[in-house]
Amino acid sequence: DAGVIQSPRHEVTEMGQEVTLRCKPISGHDYLFWYRQTMMRGLELLIYFNNNVPIDDSGMPEDRFSAKMPNASFSTLKIQPSEPRDSAVYFCASSRASGNNEQFFGPGTRLTVL
Amino acid sequence: KNQVEQSPQSLIILEGKNCTLQCNYTVSPFSNLRWYKQDTGRGPVSLTIMTFSENTKSNGRYTATLDADTKQSSLHITASQLSDSASYICVVSETGGSYIPTFGRGTSLIVHP
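Going line by line, the protein sequences match chains A and B.
Reminder that position 107 of the first sequence reads as 107 in this note's numbering, one-by-one numbering, no gaps.
Reminder that position 22 of the second sequence reads as 136 in this note's numbering, one-by-one numbering, no gaps.
Hints listed in this document are in silico derivations from the structure and should not be mistaken for laboratory results.
Since the structure is predicted, the reported quantities are computational estimates derived from the model, not experimental observations.
The reader is advised that the hints may include incorrect statements.
Derived lysine-lysine pairs resembling DSBU-like cross-links, with alpha carbons at most 30 Å apart [unchecked claim]:
#, chain 1, residue 1, chain 2, residue 2
1, B, K185, B, K131
2, A, K24, A, K68
3, B, K171, B, K185
4, B, K115, A, K68
5, B, K131, A, K78
6, B, K115, B, K171
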C-alpha cells in the first residue's frame, strides 16, 4: 500500500481565494482525520470521519472550513475564503477500527496564504 | 479537560549521547499512550504504544516507559544518531467515549555531529 496520499504538497494562494486539499486514505481503514499543525499550537484535530460519515467537527475553526468524504477512498478539506492565519501544514490520517487506534499520517500539505 | 504536556520543548545533543524526553498527561480513563516521531517535512510515524499494564517497551534504540499511577511516560534514546533529529510527539487515548486522542505539542530534538 502506498500509504496516505495528500495533494497538493504545497499550496500558495492569496487571501480570499478558495483552497481545496485532497486526501486518499489507506485502503480498508475506517477512520479518516484532518489535522492542522502550526509552531504555536502543534497538531490540532479539525474533523474526523467514520465510514465516510463526519463524527466530530468541533475542531473546525470557522464556517470558512468544510470537509467532505464522498467515498471510502477520498476526502477534501476546503477553505473559502482563505486568510493569512490559515497558513499551516494540514495533515490527513487514517486508521482501522481497532483497539490500538494507530493513525497513519500523510505527508501533509503546506499552505501559505498571502 | 484532557491534557498532554511534554518537556523539554527542545533539546540539542551531540551524536552518540543518550537523552530522555518526558510526557505528563491527565487523560482519564486511560487506554494507551503512543510516541510518534515526526521528521522535518513529513507526517508523524508511530514508534511505540504503551497500554496500562506495560511499564517498559523497546524499539531498537528507543525505550518508552509508562507509570500509570503518576501519569507519566518517558522516551529514552540511546546512542543518538543524526537521523534521530526530529520532533517527538506523545499522544494519549482514553477508553470508551471519544475516539479522539490528545496530542502533546512535541519535543524538538536536534542531534549534532
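> Does the structure keep K115 (chain B) and K171 (chain B) at a Cα separation of 30 Å or less?
Replying inline: Holds, at roughly 28 Å.
> Is the straight-line distance between the alpha-carbon of K24 (chain A) and that of K68 (chain A) 30 Å or less?
Replying inline: Judged against 30 Å, a Cα distance of about 12 Å means the pair holds.
> Taken at face value, is the distance from the CA of K78 (chain A) to the CA of K131 (chain B) at most 30 Å?
Replying inline: Violated, at roughly 45 Å.
> Within a Cα-Cα threshold of 30 Å, do K185 (chain B) and K131 (chain B) meet the stated pairing?
Replying inline: holds, 27 Å
> Holds or violated: K171 (chain B) with K185 (chain B), Cα cutoff 30 Å?
Replying inline: Given that 30 Å is the threshold and the Cα spacing comes to 16 Å, the pair holds.
> Would the pair K115 (chain B) and K68 (chain A) pass a check requiring their Cα atoms to be no farther apart than 30 Å?
Replying inline: With Cα atoms ~28 Å apart, K115 (chain B) and K68 (chain A) stay inside 30 Å; holds.
The earlier numbered hint that this structure contradicts is number 5, and it is the only one.
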